[in-house]
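Dock chains P, F, A and Z with the ligands against chain C, hints included.
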Amino acid sequence: RPAPEGGSDAATGSKSGSISIDGSSTVYPVSMAVAEEFSDQGTDAEVTVGFSGTGGGMKQFAAGEIDICDASRGMKPAEAEKCKENGVEFIELSVAYDGLAVVVNPDNDWCDELTVDQLKQMWKPEDPAQKWSDINPDWPEEDLVLYGPGTDSGTFDYFTEEIVGEAKASRSDYAPSEDDNMLVTGVAGDKNALGYFGFAYYIENKDKLKLLGVDGGDGPVKPSMETVMDNTYKPLARPLYIYVNTASLKRPEVAKFVKFYMDQAAKLSKDVGYVPVPDDVAAENAATLEAALGAAPAKAPAAE
Amino acid sequence: MTDALSNEDDLLRRRKRVSAMFGVLCAGATALCLLILIGLLATVAVNAFDAFLPEQTRAELEGKSTLEGLGARTSAFFSAPYWQRGWTFLVEGPSWRPEKAGVNPAIFGSLWLIGLTALFSVPAGVGAAVYLEEYAAASRWKQLVQLNIANLAGVPSIVYGILGLGIFVRAVTLQAPGGDYLVGLSLGRVILSGALTLSLVVLPIVILASQEALRAVPRSIRQASYALGATKWQTTWRQVLPAALPGMMTGVILAISRALGEAAPLVAVGAVGFINYTPTSPYSRFTALPLQIFNWAADPKPEFHSLASAAILVLLAVLIMMNAAAVWVRYHYGQRIRW
Amino acid sequence: MSIKTLPAEQRNTGLKPPRVAQSRASRSADELAASAPKISVSSLNFYYGSSQALYDINLTVPEHCVTAFIGPSGCGKSTFLRCMNRMNDMIEGTRLEGDILLDSHDINAARVDVVSLRKRVGMVFQKSNPFPKSILENVVYGPRVAGERSKNRLMEIAEQCLERAALWHEVKDRLNDSALALSGGQQQRLCIARALATDPEVLLMDEPASALDPASTSRIEDLIFELKDRYTIVIVTHNMQQAARVSDQTAFFFQGELVEAGRTNELFTNPSKKQTEDYITGRFG
Amino acid sequence: MSIKTLPAEQRNTGLKPPRVAQSRASRSADELAASAPKISVSSLNFYYGSSQALYDINLTVPEHCVTAFIGPSGCGKSTFLRCMNRMNDMIEGTRLEGDILLDSHDINAARVDVVSLRKRVGMVFQKSNPFPKSILENVVYGPRVAGERSKNRLMEIAEQCLERAALWHEVKDRLNDSALALSGGQQQRLCIARALATDPEVLLMDEPASALDPASTSRIEDLIFELKDRYTIVIVTHNMQQAARVSDQTAFFFQGELVEAGRTNELFTNPSKKQTEDYITGRFG
Amino acid sequence: MSSPAITNEPAREASLHSGGAARTRALYEGVIQWVLWVCAGVSVLTTLGIVLVLMVESLQFFREVSLVEFLTSTQWSPTFRDKHYGILPLFCGTLLVTGGAILIAAPIGLGTAIYLSEYASPGVRETVKPLLEVLAGIPSVVYGVVAVTTISPIIKTWFGAQSIYNAASASIVVGFMILPMIVSLSEDVLRSVPRALREAAFALGATKFDVTVKVIVPAALSGIVASVLLAVSRAIGETMAVTLAAGAQPNLTLNPLESVQTMTAYIVQISSGDAPSGSPEYKAIFAVGMTLFITTMTLNVLAQWIIRRMREQYE
Ligand SMILES: Nc1ncnc2c1ncn2[C@@H]1O[C@H](COP(=O)(O)OP(=O)(O)OP(=O)(O)O)[C@@H](O)[C@H]1O
Ligand SMILES: Nc1ncnc2c1ncn2[C@@H]1O[C@H](COP(=O)(O)OP(=O)(O)OP(=O)(O)O)[C@@H](O)[C@H]1O
Ligand SMILES: [Mg+2]
Ligand SMILES: [Mg+2]
Ligand SMILES: O=P([O-])([O-])[O-]
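If you read the protein sequences in the order shown, they are chains C, P, F, A and Z. By the working numbering, the letter at position 168 of the first sequence is numbered 168, and the numbering carries on one by one without gaps. Converting from the second sequence to the working numbering requires adding 304 to each position, the first position being numbered 1. Converting from the third sequence to the working numbering requires adding 643 to each position, the first position being numbered 1. Converting from the fourth sequence to the working numbering requires adding 928 to each position, the first position being numbered 1. Converting from the fifth sequence to the working numbering requires adding 1213 to each position, the first position being numbered 1.
Just so you know, these hints were derived from the structure itself, not from any lab. Mixed in with the good hints, there may be bad ones.
Stated by the list, open to error - The calculated lysine to aspartate or glutamate pairs, modelled on EDC-like cross-linking and capped at a C-alpha distance of 20 angstroms, are: (1) Lys536/P / Glu1242/Z; (2) Lys120/C / Asp1295/Z; (3) Lys206/C / Glu607/P; (4) Lys404/P / Glu204/C; (5) Lys1427/Z / Glu1129/A; (6) Lys368/P / Glu204/C; (7) Lys1369/Z / Asp173/C; (8) Lys206/C / Glu364/P; (9) Lys605/P / Asp207/C; (10) Lys131/C / Glu161/C; (11) Lys270/C / Glu403/P; (12) Lys404/P / Glu166/C; (13) Lys1061/A / Asp921/F; (14) Lys1296/Z / Asp271/C; (15) Lys1369/Z / Glu1339/Z; (16) Lys206/C / Glu366/P; (17) Lys1296/Z / Asp207/C; (18) Lys605/P / Glu92/C; (19) Lys124/C / Asp1295/Z; (20) Lys1296/Z / Glu204/C; (21) Lys1369/Z / Asp107/C; (22) Lys168/C / Glu1242/Z; (23) Lys404/P / Asp40/C; (24) Lys234/C / Glu142/C; (25) Lys446/P / Glu735/F; (26) Lys1296/Z / Glu161/C; (27) Lys320/P / Asp1127/A; (28) Lys1061/A / Asp1295/Z; (29) Lys404/P / Glu359/P; (30) Lys536/P / Glu735/F; (31) Lys446/P / Asp732/F.
So here's chain C without its partners, still in its complex pose:
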């Protein structure tokens, strides 16, 4: 029953002059950077940005407790259903791309690139490769030591979906960690290791890691700002989203904030290590927002 949750809504979310954002920890740096710049512009609004995970954020969003939800994946049908139940209407804006880097140890002198198929061989749940030589007989007969993000993260979902072909379909005998820095440490410390994680972690640890090219069918491409933005690094670049409650959007400070977000997203996402969305997506975002803003005042009485 939504009644009590709606009650707390009044206590926090809808408080005049406040904007509350929560959700994905992947998107958090972008939202936080925007929020900070927004505050620096001189605003009275109290802005808070949390990082309780996409799942956690969605739960609050569906309950109408927050204005904006950061998400490192699209909203799930079940979550959309919840929103509908609670009368929460929203718009989806994609704010950046996160390139997933596939990396090996710098001492690894045999492997420079992998095809999607080879990656699938490594990561598929049934009968995956155990040795490097299982992938390519020229490669050493060494154990294949795999590192990857925690199994309840958007990165894991996205990687498995794109590589294996089904979300969450993955071998389980790899070393998962909830902290990507730990994955860096792991790959950096083992010659036979291979791992995947957000591109930003590679950027900051270039000297400890070796980046692999991924061949999605059109030849191997290494991830970079450019290759992700021009969509040549396929298929391992995932979109990051924010979901905005349209009822909140009618509040001037939220509207102002979201507009500011769209203006700054390109610059700031780059600064925090993500890739800005291409122009066509940006235009799409602008249109969506415009529509919502135009509709918002008319919708307002109904939403209350």
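Structure of chains P, F, A and Z with the ligands alone, referenced to chain C:
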């Protein structure tokens, strides 16, 4: 009979060797503890050192080994910018730019949290301990409560977070025959909710430590007091509690430490990472030091890792200041009582 | 060894002749009989868990008299004494049968307030148990919990009670020192002073002079004499001369039973039971 | 009150005539002089923090003799006793000056091992302090930590020591009960038994009979007599008759000073100092 | 001799139970007792709340997953496509990490407590104890990072662990983390053993070892056990350090060199992760929580039984 005090039989010599060895072992254990502590602190301090280095020093250090960089670091340390940055770290809020980020809202959030947590958990915890040790007659009920408390200590804090979300942040609707009841405080995602949740987390520590301290007070003291016509409460308040105070303080110290370092339940009850103002009331939204630390430590940028270490030092400083009072009380009273 | 034959009496009378001459008169048989019963115990049985410590005790403690309990170690004196202010309540697994009436009210009745009871029936324990606080705090504890606030008044009480317990001049300069830093005998006297400060009607003293030198003992005995006009006193002692000197009535316990009780003079000179005689003449065990 | 004039001696001799006749002979002056000094104390000063408790004590404790310490409460007897096995080490802030020689070795020397010292110099404390263990465990604690393993041997020791401390028949059926469930006097005797079980060369006893009835007291005194052929015994007592009965040498303390020490007979019959005379005749305070 | 202590007394209460003063006092005492009772009640309410939350949700979970599978399956993979809900791997993970942590922390902690209470000078004690308590306040992420960057490599080279994430390094850091709890609480109880008992033992020619092991520790046993229990609880409840150090891979193994996931680590993983609420992997956290609750309860019942049997009460 033996004539010299040092002339002794084999057995005695062996026993003394055992005893000496035991002493050495215990001292070794203590040394080990201290070593661990020093190791951890040193690691943190070394990592934190780079947090406030000015941009240009950082650039200078690029590609140099630790030893080579020592000179540059030292000179940076004794220059004004280093300390200016240290100051802004304390008074500024979080930022995506490592050279600008600070922990001010987190410090205040944490202070509010532990202050309120101590306010709730210490009286309730000591009260419960007194009830169990001094008042409750040995019974099934008491055993049950006792078991309960020991159990609560083992519940992972995240579960408290889920509970706190349900009853402090929101409210649960219970469907009962006589109608629906709303159970909970519906406080929202504010400091008060966080503090109440943390209070539940640390309550078992306070209770169990206090119980042990109460148990250690000799029964003859209680008898003496009763025989002088003191009531149960007078006996407890004037004799038993003061005598048990040092031990209780230990519980309080451990509880505050725990509350200060806890992050998971706070995320559950709605602590945030970024907040653009300093919390001023129990009804503010909040962030806390451990959250800031977690977040920075998980950031890809290594500059943030140094900031995380610096924030740890701040957290420890807060902790030490909070503990100092409790330690003083413990020392002050502990000195006087030697049964 | 000439001292051996120096009778205790002589030492004491030598000490403070005038006082002794005035007050060291034990109650006569008539007086004793006329005294109202302050405490009457009937058919008292007491158990520690399954083992019985007291068997069917019947005894009357007359008002304004000193009653002494004597008997071999472990015979149940302390146990009985502790029954009279319900101190045994504090030991788990104890059980009591029978009646103990204080001014004809049953002290074990359900609605009795033990605090009032213990205020009226004070106690000095066999093993001294000072609080781990200052000497002063120890003495004024009773009045303080009874609501006395005035510093002056408390100081007055402290001085008076310490004086009476023959401790004042030894501790007057160190009233704020910890009571645990006192010698054994000093602690014992402190506990006596502390009990006096609550001004009870009945004072139970379990070997109050066991750790005391003759001079202090004699001062405590004087105190007992002095107090008995206003209080009722029960004292456990192993020192038969002491029992003889201070008490009006003596009760002899043996293996949990009250063998004989009566006027002190009579009991010592003319015990009606063989056991008593054996004990007091030392032909025992 | 006829009892008052009944001399203590009479009671005691009445108790066990043969034993007393045989052994109750205190050492003669010659014997005393001939005894090797077991402990010699010279120029001993002792401080609790800033307050001095003992002033310039010089005393020799002769071997195979009983030395009694007497003196008013708080005069420093326990403090002195505790110096002799370095028990005062355990109290923070204490300081000692001067020498204490045991068999002519300085017990306060740096290389002295306190464990060996305390094994050789046993102690019974003023306030009985049984371990919170069973009666049996209490008694056999000393032998057990000294390495005795055999159950039979330990049982034997326990029985023997409890017997000697006059406790055996009271506790033989409840050896596995907690020692804390004993009466005050029983606890005291238990502590004596426990000290005996370690078989020390010197036995320091701080008022070993304070909580005991005459019969038990007398048994303990017999024990002391019996032991002194093999041990050296120092006893603190407030009971001057007891000092006179059991000791060969008596030392009188007053306000931290050793006023006088000498052969017991002489000290009691012919004290050389006025203070001593006042004290033993009760003309004191 | 007239005594002011007596003359100024108010009129004595006539009987033992009448009288306004006694009634007021009884009322006052009653109120206090009631307040204290409420304090104790808070803990009961908390438990009730927790049990309720866990029960309601885990019942829903068990509607989708059979209890038999939950208890017997040897695989735990709710976050994979091929979902299995066997609690055993998580249970083993918890057992390994907690057991290891206690094996490390209990001896070191007790040794330290004994050193501080029996050997150290007051100055040392009052410096070292608060210092060590700082260990309790270091946030667990620090321990996690130290485990992975410092301890794991050592374990890897010395013992040949496969992964850098392993139960052993998690045990070690969790052990460090719970040290102050054992040290501080045990030291307190050791020191509150009356001096008279120490004196008694020393006077019998006992060495410091004899005194400590045979008198002081037994007398303080209930407190020591309590402190260790509290530490066990903390170890069980600890999450972040464990998630970082032990990895997040649920393996059914008792080999400390392998990577494991603990029950609490799973709860954290899901509750701050991506899983939408209502999904079975989300509901599973309550079933896991329930299991944890029952486990600690069993442990506590056992411990209390042991304490009752071994307790020595001085006085
Ligand atoms: N721990 C202590 N700290 C400070 N002063 C103490 C301590 N113990 C004893 N004293 C003081 O030292 C003096 C001598 O005490 P001691 O215990 O030796 O007396 P005693 O002769 O044994 O007396 P008693 O017969 O009453 O036991 C006393 O004045 C006492 O108050
Ligand atoms: N707490 C207890 N639990 C079980 N038995 C006890 C307890 N206290 C005393 N007893 C036993 O009850 C009996 C009577 O003890 P009590 O203390 O009354 O003796 P007492 O006459 O005071 O002896 P004393 O002169 O030695 O103090 C003794 O046999 C004793 O062992
Ligand atoms: Mg007694
Ligand atoms: Mg003494
Ligand atoms: O926090 P995430 O939802 O992005 O994993």
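Structure-based check of all given hints:
At most 20 angstroms may separate the alpha-carbon atoms for a hinted pair to count; lysine 536/P and glutamate 1242/Z meet this at roughly 8 angstroms. Among the hinted pairs, lysine 120/C with aspartate 1295/Z is consistent with the structure: their alpha-carbon atoms are about 16 angstroms apart, no more than 20 angstroms. This hinted pair checks out: lysine 206/C and glutamate 607/P have alpha carbons roughly 15 angstroms apart, not beyond 20 angstroms. Taking the CA atoms of lysine 404/P and glutamate 204/C, the gap is about 19 angstroms. The hint holds against a cut of 20 angstroms.
About 24 angstroms separates the Cα atoms of lysine 1427/Z and glutamate 1129/A, which puts this hinted pair outside 20 angstroms; it is violated. A C-alpha spacing of about 17 angstroms is found between lysine 368/P and glutamate 204/C, which places the hinted pair at or below 20 angstroms, so the restraint holds. Distance check on the hinted pair: lysine 1369/Z and aspartate 173/C sit about 18 angstroms apart at the alpha-carbon level, within 20 angstroms; holds. Between the alpha carbons of lysine 206/C and glutamate 364/P the distance comes to roughly 19 angstroms, so the proposed pair stays at or under 20 angstroms and holds.
Taking the CA atoms of lysine 605/P and aspartate 207/C, the gap is about 14 angstroms. The hint holds against a cut of 20 angstroms. Proximity of lysine 131/C to glutamate 161/C is assessed by CA-CA distance (about 23 angstroms); at most 20 angstroms being required, the pair is judged violated. A distance of roughly 17 angstroms separates the Cα atoms of lysine 270/C and glutamate 403/P; the hinted pair therefore holds under the 20 angstroms criterion. With a C-alpha separation of about 42 angstroms, the suggested pair lysine 404/P and glutamate 166/C falls outside the 20 angstroms cut-off, and the hint is violated.
As the CA atoms of lysine 1061/A and aspartate 921/F are separated by approximately 35 angstroms, the hinted pair breaks the 20 angstroms bound. With a C-alpha separation of about 39 angstroms, the suggested pair lysine 1296/Z and aspartate 271/C falls outside the 20 angstroms cut-off, and the hint is violated. Restraint check for lysine 1369/Z and glutamate 1339/Z: not satisfied, since their Cα atoms lie roughly 38 angstroms apart, outside the 20 angstroms limit. Among the hinted pairs, lysine 206/C with glutamate 366/P is consistent with the structure: their alpha-carbon atoms are about 14 angstroms apart, no more than 20 angstroms.
Taken as a hint, the lysine 1296/Z and aspartate 207/C pair is broken in the structure, with Cα atoms around 38 angstroms apart against an allowance of 20 angstroms. Simply put, lysine 605/P and glutamate 92/C have alpha-carbon atoms about 28 angstroms apart, too far for the 20 angstroms limit, and the pair is violated. In summary, the hint linking lysine 124/C to aspartate 1295/Z is supported, as the alpha carbons are separated by about 11 angstroms, within the 20 angstroms threshold. Of the supplied pair hints, the one linking lysine 1296/Z and glutamate 204/C is violated, its CA atoms being roughly 35 angstroms apart against a limit of 20 angstroms.
As the CA atoms of lysine 1369/Z and aspartate 107/C are separated by approximately 18 angstroms, the hinted pair is consistent with the 20 angstroms bound. Restraint check for lysine 168/C and glutamate 1242/Z: the C-alpha separation of about 62 angstroms exceeds 20 angstroms, so the hint is violated. Distance hint between lysine 404/P and aspartate 40/C is fulfilled; the C-alpha atoms sit about 12 angstroms from each other, no more than 20 angstroms. Taking the CA atoms of lysine 234/C and glutamate 142/C, the gap is near 28 angstroms; set against the 20 angstroms cutoff, the hint is violated.
Restraint check for lysine 446/P and glutamate 735/F: satisfied, since their Cα atoms lie roughly 15 angstroms apart, inside the 20 angstroms limit. Only pairs whose Cα atoms come within 20 angstroms are accepted, and lysine 1296/Z paired with glutamate 161/C is accepted, the gap being roughly 16 angstroms. The suggested pairing of lysine 320/P with aspartate 1127/A holds, with an alpha-carbon distance near 19 angstroms, which does not exceed 20 angstroms. Simply put, lysine 1061/A and aspartate 1295/Z have alpha-carbon atoms about 59 angstroms apart, too far for the 20 angstroms limit, and the pair is violated.
About 11 angstroms separates the Cα atoms of lysine 404/P and glutamate 359/P, which keeps this hinted pair within 20 angstroms; it holds. Simply put, lysine 536/P and glutamate 735/F have alpha-carbon atoms about 17 angstroms apart, close enough for the 20 angstroms limit, and the pair holds. As the CA atoms of lysine 446/P and aspartate 732/F are separated by approximately 19 angstroms, the hinted pair is consistent with the 20 angstroms bound.
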